[in-house]
Each structure stands twice: as structure tokens, then as C-alpha cells.
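Residue numbers (the numbering used here), protein chains in the order written: chain D, 1 to 347; chain P, 348 to 694; chain Y, 695 to 1041.
Accuracy of the hints is not assured; some may be wrong.
Restricting the straight-line Cα-Cα distance to at most 25 Å, the calculated cross-link-like pairs of lysine-lysine (BS3-like) are [as the list claims (entries may be wrong)]:
no.	chain 1	residue 1	chain 2	residue 2
1	P	K420	P	K397
2	Y	K774	Y	K744
3	D	K300	Y	K890
4	Y	K774	P	K543
5	Y	K1006	P	K642
6	D	K196	P	K427
7	P	K397	D	K295
8	P	K682	D	K335
9	Y	K890	D	K80
10	Y	K1006	Y	K989
11	D	K300	D	K312
12	P	K642	Y	K744
13	P	K543	Y	K994
14	D	K50	D	K80
15	P	K647	D	K196
16	P	K659	P	K647
Simulated from the structure, these hints should not be mistaken for laboratory data.
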Amino acid sequence: MPVSRSLRTLADLAALVSGQVVGDPGTPIAGVADPRQAGPQDLVFLLDPKYAEAIGQSAAAAVVVGVEAPIPKPQIVVAKPRVAMARLMAAFAPPAPFTGIHPSAVIDPTATVHPEAAIGPLAYVGTNARVGAGTIVHPGVAIGRNVTVGAGCILYPRVVLYDDVQLGDRVILHAGTVVGSDGYGFVPDEAGHQLKIPQMGNVIIGDDVETGANVAIDRGTFGSTVIGRGTKLDNLVHIGHNDRIGEDCLIVSQVGISGSVTVGDRVTLAGQVGVAGHLSIGSDSMVLARTGVTKDLPPKSFVSGFPARPHKEEMRRQAALASIDRMRRDLAELKRRLDARREEPPR
Amino acid sequence: MPVSRSLRTLADLAALVSGQVVGDPGTPIAGVADPRQAGPQDLVFLLDPKYAEAIGQSAAAAVVVGVEAPIPKPQIVVAKPRVAMARLMAAFAPPAPFTGIHPSAVIDPTATVHPEAAIGPLAYVGTNARVGAGTIVHPGVAIGRNVTVGAGCILYPRVVLYDDVQLGDRVILHAGTVVGSDGYGFVPDEAGHQLKIPQMGNVIIGDDVETGANVAIDRGTFGSTVIGRGTKLDNLVHIGHNDRIGEDCLIVSQVGISGSVTVGDRVTLAGQVGVAGHLSIGSDSMVLARTGVTKDLPPKSFVSGFPARPHKEEMRRQAALASIDRMRRDLAELKRRLDARREEPPR
Amino acid sequence: MPVSRSLRTLADLAALVSGQVVGDPGTPIAGVADPRQAGPQDLVFLLDPKYAEAIGQSAAAAVVVGVEAPIPKPQIVVAKPRVAMARLMAAFAPPAPFTGIHPSAVIDPTATVHPEAAIGPLAYVGTNARVGAGTIVHPGVAIGRNVTVGAGCILYPRVVLYDDVQLGDRVILHAGTVVGSDGYGFVPDEAGHQLKIPQMGNVIIGDDVETGANVAIDRGTFGSTVIGRGTKLDNLVHIGHNDRIGEDCLIVSQVGISGSVTVGDRVTLAGQVGVAGHLSIGSDSMVLARTGVTKDLPPKSFVSGFPARPHKEEMRRQAALASIDRMRRDLAELKRRLDARREEPPR
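Looking at chain D on its own, in the form it has when it is part of the complex (with noise of 0.2 Å):
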């Protein structure tokens, strides 16, 4: 595993996190892991009581927890503990692999790359591309021309940057990813073939953005896609051209919006939804997995099905559906009880 071996206490890692030490405070920690395969010297997580027995038989050294648990172990006793554990694996993550510019890397002449960033082996970096300071592109990235690379992102081997893309700050695109591609644009000509209508945009990715891998995002016709600070994409992700996606948003795996689209913040999109053009989707929407929205939605929706609905009057549809064999059975007998008195003697 990945995990870097540097000694640490435990009372260093509570301050990270805000925690109360209960127990030995100078207990040395040198990673974090899952109870099932820690070690003596691995600090594990309490997210569900259920497993505190477990916790107590495994070889961890010391364990974080939201209340202090009966684990004969040392303890950070934090507020939130899934917050904490985030924060303290980022504190074991493994160093960066490369420093510089690896010398098989091309990077053209007019572009800017910050000292402290780091370019792997095999990368490209294009015309008056600009790449920030301790930004990280592994092998096989391409950069395009006039490109913006804030600082702290991290590029995985093979993402590709079309032309005039511009990233914030510690942005992080996972492998394969994709942005600024052309948008789906086509117009019948007069011959009845379709004649592409150049996608001259281009895509605006904030701050504290992640996609997952093989994500593709589409370039603006006119004007930018904007992906919005904060906001995480799952793997195969669809942006189309043009959408406007709000900050901390969801948008979990093989979802697909078309074009046009405005997605307000905190909207969580689940996998394998589908989202029409030119619609908006209101902030604090919840759309349930391999949702077919059609129509806009106001802000706080939760919806579900297709066409995209309330979601408890989809429950009552569903329930309703799952009888929809019965109803028809019924309907039929019905209708045969009705038959049978007309043709009662007319008394």
C-alpha cells in the first residue's frame, strides 16, 4: 500500500484534527489503514460502533473515534470522524513521483511552467500553456495551446487539455479525462448532410474540482462550460457544451448531461443519470440514480424516475406498478361480476 513509513505521535495527529488524545500521546503512528489489515503501528477509524469489538482485536496501534469507545486502545476523540479520517490519510498520502521536468517531456518554448511544478515523462505542453506552481502532470498528459494550470492540481497520465481550457487551483483530473473537446453541434446543410458548426468556447474548470477517469467535457459553442468550485465528477461522466454546473456538486458515474444545461450548487446527480438540454436544475437538488430528467427542476427537488418526478410520488407509482399484474387480474373479475348481473333476470 502506498502509505509513506515517517513516524509520527499521536498527539501530532490529533492537532491536525482538533482531537483529544485519550491514552499515550507520544503512541508513534506510521500509517493509516482498514482494522482488518492494520498494523502495530496503524491508526484506524471508528465510523460505525458496530465494529468497535473489531477494532479492539486488531493489531492497530490507536483508533479515531466521535465519542470515546471501550477499545483498550489510545484515542483522538474528534467531532466529526469521517471528516477526520480524510484529513489525516491525506496527511500519510505518498510523495509525489516526479519533480522537474522529466527530460522526455515536450514542452513548447512559449509555454510557462512554475518551477515547483512537476512534469512527468512523456508529457506535452502546448503553445502559451501556463501550468502553477506544485502541479503534477504524469506521463502521457497533453496540454493544448493557451491552457491554464492553476497551482496544486494534479494532471493523471493521458487527461487531455483542448485548447484555451483554463483549471483553478488544486484541481484534480483522474486518467483519461478529457476537456474541451468539441461540442455536438451539427446543422442539416442543403444537401440534408450535417455540417458541423465549430465549437469555438471553451471550458472553465474552479477550484477544488475532481473528476473521475474517461470523463469528457465538452467546449462551449460560444462562451464556456463552467464547471463550478468544488464540484466532483465520478468516472465516464458527459458535460455537454455550454452547461453551467454549479459549486460542490455530485455528479456520480456514466452520468450524462446535454447541452446547455444549468445545474445550481449542492446538486447531487446520481449514477447513470441523464440529464436533457437547455434545462436547469435548481441548487440542493438530489436526482436518484438513472434518473431522465426532462424538465427543469426547482431548487431542493428529489426526484426520480422517467420522466424525472417527486420521488415519493414515484414511490407510489412504483408500488403501484409492482401490483399493476393484480390490478389487471382484478380488472378482469370486475368486469365479469358486472357482466354476470346484467345478465341477471331483470327483477
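Add chains P and Y to chain D, keeping to what the hints say.
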């Protein structure tokens, strides 16, 4: 925005699209733009009358219209403004980012690259491959053995063409697209393990085809997978082995087509559609978003739903479905009323 | 077609598949083909009796059959013609496109590449990585730190293996596949922003696994994401973090499996299926195309629909659904009749 700034006159541009100039034919034009961002030398487009006033108030130098509009600016009047927009945008497209063969590219000595083709940094051209005139091969593209790429093509970064793939002229493949991967063919062996059926065919892509980013097009088992002239694929589309897609089709993002499917000409498969194997979809069919096609479709089909059915029928079905919970309640009420009658004295 | 032209006799080929020769055992065979394209030295396959006549009229030299057929050509008779086809096609597979280490590849000095492995142009092999005997690494592949690739693997162009990934023997990964990207794990921090949970695990892929193009397989948060021996993934599949997929499974194109899912052995997930997180799918289950799995499935399940239910039940439900519009009309008619009765004079 990647728009070149060489000046042209309004009259020159009108000639490109067989338009009539209203106002000063010498008006200098430096680019095309969205009215909201247009500068004083930009040409804009009136595609919907409701934007006439906004365009009148914009900084734009001139406007392309379908009929002369009450806009106090020089105008180009054309029969089809959207078609004119496509052509005029293309006239202002940025120059190719590369010319010649970059020294970091690897060209097999048996490959033939036309002197007017451009091979970008860190691209690879394999044994006996041929690349035509005016074609642009972006960084990191990998072209396999015996591949033919026609003239005027654009292969964006990290496109992969497997051995024996044939591309026509003016083909555009966006970043991450894979052409010629093995089809999904396995057969259980004597021990029940899945044995690979080697995929010995290839892929043939016609003139003027475009694919989006991260598309996957499988080679034939024997023979060819074929994408017909002028067909346009969006991002993240899957094309199975031995599919034969016709001409001028629109295949929107995240569509999946199983193997051995035949699609006619001018067929639209909207976003997230799935098509089962060995089917035939007739020419001029429209398959709406998220439809699951499970049977052959005759020409001019207009279908939706899963399983796909005529869209009118699916609309009626959806309307009934929307009231299914009320139907269930009505049915219970009818049953109650009928039961109550039964219990009446038999007068 | 990429078929080598070295001649073999029919008898040699029959021996490869334990078949019986009918006719001249010395018949020279240069390749395998589809009957429609077969030349006079090609071997073809009779998989369906209805093609017997067409094969008889083809130019093919000989035919592989399940029982001796009335075809006037030399024959190889085998128990399982489709299995024989797979093996005989493999016997004519083209030679590897590369041998040795291409001078443009970048191999970290700490990496170990077996002398019989081939590393293609512009590929990268990272720190402490190991590549086994007979493995072929195509152009542009990126192999991270501490990765182990077994023997006889094929990594097609632009495959990415993140740090710590482990591949067994004879693994085939098609172009653009990403193994080991971060799982989708975030937790809201004190300010409501999504905080990344670092993904410290890895991916372990068993022997004889194959993936299609542009697949994305996430690493575990802690511990491993596992793909079992012999499992085959199609194009554009998403595998979430900490999934444990069993052996000999078939996971068809565009399937998405959320995190922490357990899939047994010999499970088929057909095209565009989605599986919610933390579920278990029992061995020998069949999940039909476009199914949405929302609950655990016992072994030998056969399900379809969304939410997934037993296929027979879903078929009845679909049949009822197909008549829902008539049901609605019948219900209205019954209500009218019952209302009419109520209005009868109270005789």
C-alpha cells in the same frame, strides 16, 4: 477565444455563404461571437427573432439574418442563418497547432506520411500506416499497423487506431477515442471458462465522420465494423463488433450499440439509447433518449421507451402510468361498491 | 486482414483441436475467414446448418463442423465448433508488433522488465514496476509505481495502471482502460464543501481477465478492488472502489457498478446495467440488459427491470404495462356502468 484576428470585409464573408449585404459591404470583421461577448469587429448571428433587440444593443459590427431585421447594423441576409453560421465560424477557425513531423514523434520507417500532414509531439505511426494530405495528428495519438488515414482528418490527442483501421477523408476523432478494439466475443470452453474468440476483422470509417471524446468502436470478428459517410458520434459511445452504421446518422452521447447491428441512413439515436445485438434499424428512424431497442425497427420509426415502441403509444402509456396510483384507488373503490351491492338484500 | 500467411495442413490444425479430418489431410491452409470473404486457402466454420450451402459455394479450402456436413470440401469434425473456431483463429493471430524495448520508451531504472517482454514506443514504466515474460506493452501505456504485470499480458495503447496495481498472467486490457483511479469518496467538511477521502488501496486483477476500451476501474479506499480470474469486461464499464468481482463473469458494455459491491462467479451483467453500492450479487446470476439492481440478489438470480425483479415477474409486469392504456379505459367503462346502475330507479 481561439479566433484568428485577420480582418475581412462583410462583403467577402457574404460571398462565402451566398448572402446579400445590407449596409456597408466594407465593414471590417475580425471574428464571430456570441452577442453577449461580441466586440466592435465581431459578426453575430440572429437565429431567433427574440434576440434582435439584444443584438441591436450589442457591440457587434454586423449580423447575419434570415430576413432583413430591424437592427441598426450592417447585415448579411441568407436563406439559412444556422448553416451560414457553421460556415462562417469555420472561416475563422484557428490555424493548425502543428506543421510537419515533430521530432519527438515516432514514425515507423515503413509508414507513409503525406508531406502536407502534421504529426504532433509524442505521436506514433506504425508499420505500413498511411496518413493523408492535410491531416493533423495531435500529441500522443497511436496509429497501428496497416492503418489508412485519409486527407484532411483531425486526430485529437490520444486517439488510438488499432491495426488495419481505415479512415476516409475529413474524419474528426476527438481525444481518447479508440477505433478497432476487440469485439466482445467469448465462448465457454470445456472447463466452463470463457475462451476468447480472436477478433480478426477491422473498422472502416467513411468520409466526414466525427466522433466525440472517449468513444469505443470495436473491430469485426471477421469482416468490418462500418461507420458510414457523414455520421456523427457524440462522447462515450460504444459501437459493437460488425455493426454497420449508415450515412448521416446522429448517435448521441453514451449510446451503446451491441454487436452485428445494422443501422440505416439518417437515423438519430438520442442520448443513452441501448440497442440489443443483431437488430436492424431502418433509415430515417428517430429513437428518443434512453430508449432500449429490443426488436428490429422499420424505416421511419419514431420510438421511445423500454422496450421501444412507437412514441405515440409510449406517450399514451406514460399518461396512463402517471395516473396508475389513482387507477389503483379507483379499482379498489369499484370493488367496494360492487361488494356493497352484492350484500344488498336480494330484492 | 491481419492474418499470417504461413501455410499449415488441415491435419496439423485438426490436431490443435482434437478434430477428425474428413477428406485430404494435406489440404494447405493459410488462414481463417468468414465464408463470404474466404479465399482458396482459407478455413471456414459451420456454426449454423443454414449456412452449409453458402459454405459449399464459397471459395474456402475446408470447413470446421460439429457433424460431418453435406459440403463438398475437406472437413474437420469437432465436438464444439465454436470453441474450435476460437482456438484456430488464435493459431493464426498476427505476430506481436514490437519486440524488445523501443528506444523512445521511458523505463525507470528501478523497474524490472523481463527480457522477453516488449515495451512499445513512448510507453512509460514507473518506479519499482515489474513486467512479466511475453507481455506486450503498446505505445503510450503508462505504468505507475510498484505495479506488477504478469506474463503474457497485452496492454493496448494508452492503458494506464496507477501505482500499486497488480495484474495476473495473460491479462488483456484494451486501449484507454484506466486501472486504479481514485474511488469516489467525499465527506462534507465543516463548511459544507466536499472533502476528498484519499484512496489508499489498490486494484488486483486475476489471470485471464480482459477489459474493453476506455474502461475505468477504481482503487480501494483501503484494501483492494478485485477482478477475479477469467472475468471479461466490455467497453466503457465502470467498476467502483472496493468492488470484489468473482471469476468467469461477463460484464457487458457501459455497465456501472457502484462501490463496495460483491459479485459472485459466473455472473452476467448485460449492457448498461447499473448496480447500487454495497450490494451482493450471487454466483451464476444473470442480470439482463439495462437492469437497475437495488437489492442483494441470491445465487442463480435471473432478473430484469428497474428496480430489478425476477425476470418472469418483470415479463408479466411488462405485459400488463403494455395494456395499461386499455386498462384505464376499461376501468372508466366499468365505473360508468356501475354509476348507471346506481341511477336506475330503486325498483
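Notebook entry, point to check: Given the hinted pair P/K682 and D/K335, is their alpha-carbon gap at most 25 Å?
Noted result: Holds. P/K682 to D/K335 sits at ~10 Å (cutoff 25 Å).
Notebook entry, point to check: Given the hinted pair Y/K774 and P/K543, is their alpha-carbon gap at most 25 Å?
Noted result: 14 Å, holds
Margin query: Check the hint pairing Y/K890 with D/K80 against an upper bound of 25 Å on the C-alpha distance.
Written below: Holds, at about 14 Å.
Check: Does Y/K890 lie within 25 Å of D/K300 when you go C-alpha to C-alpha?
Finding: Holds, at about 24 Å.
Check: Does Y/K774 pair with Y/K744 here, judged by a C-alpha cut-off of 25 Å?
Finding: Within the cut-off at roughly 17 Å; holds.
Note to self: Check whether the Cα positions of P/K543 and Y/K994 lie no farther apart than 25 Å.
What the structure shows: Given that 25 Å is the threshold and the Cα spacing comes to 24 Å, the pair holds.
Margin query: Holds or violated: D/K196 and P/K427, Cα atoms, limit 25 Å.
Written below: With a Cα-Cα distance of about 14 Å, the restraint between D/K196 and P/K427 holds, given a limit of 25 Å.
Notebook entry, point to check: Is the straight-line distance between the alpha-carbon of D/K300 and that of D/K312 25 Å or less?
Noted result: Distance of about 14 Å is within 25 Å: holds.
Margin query: Hinted pair, alpha-carbon criterion (25 Å max): Y/K1006, P/K642. Please report holds or violated.
Written below: 19 Å, holds
Next item on the list: Assess, step by step, whether the Cα of D/K50 is no farther than 25 Å from the Cα of D/K80, and give holds or violated.
Entry: 17 Å, holds
Check: Within a Cα-Cα threshold of 25 Å, do P/K420 and P/K397 meet the stated pairing?
Finding: Given that 25 Å is the threshold and the Cα spacing comes to 16 Å, the pair holds.
Note to self: Against the 25 Å threshold, does the CA-CA distance of P/K642 and Y/K744 hold or violate the hint?
What the structure shows: 22 Å, holds
Violated hints: none; the structure is consistent with every hint.
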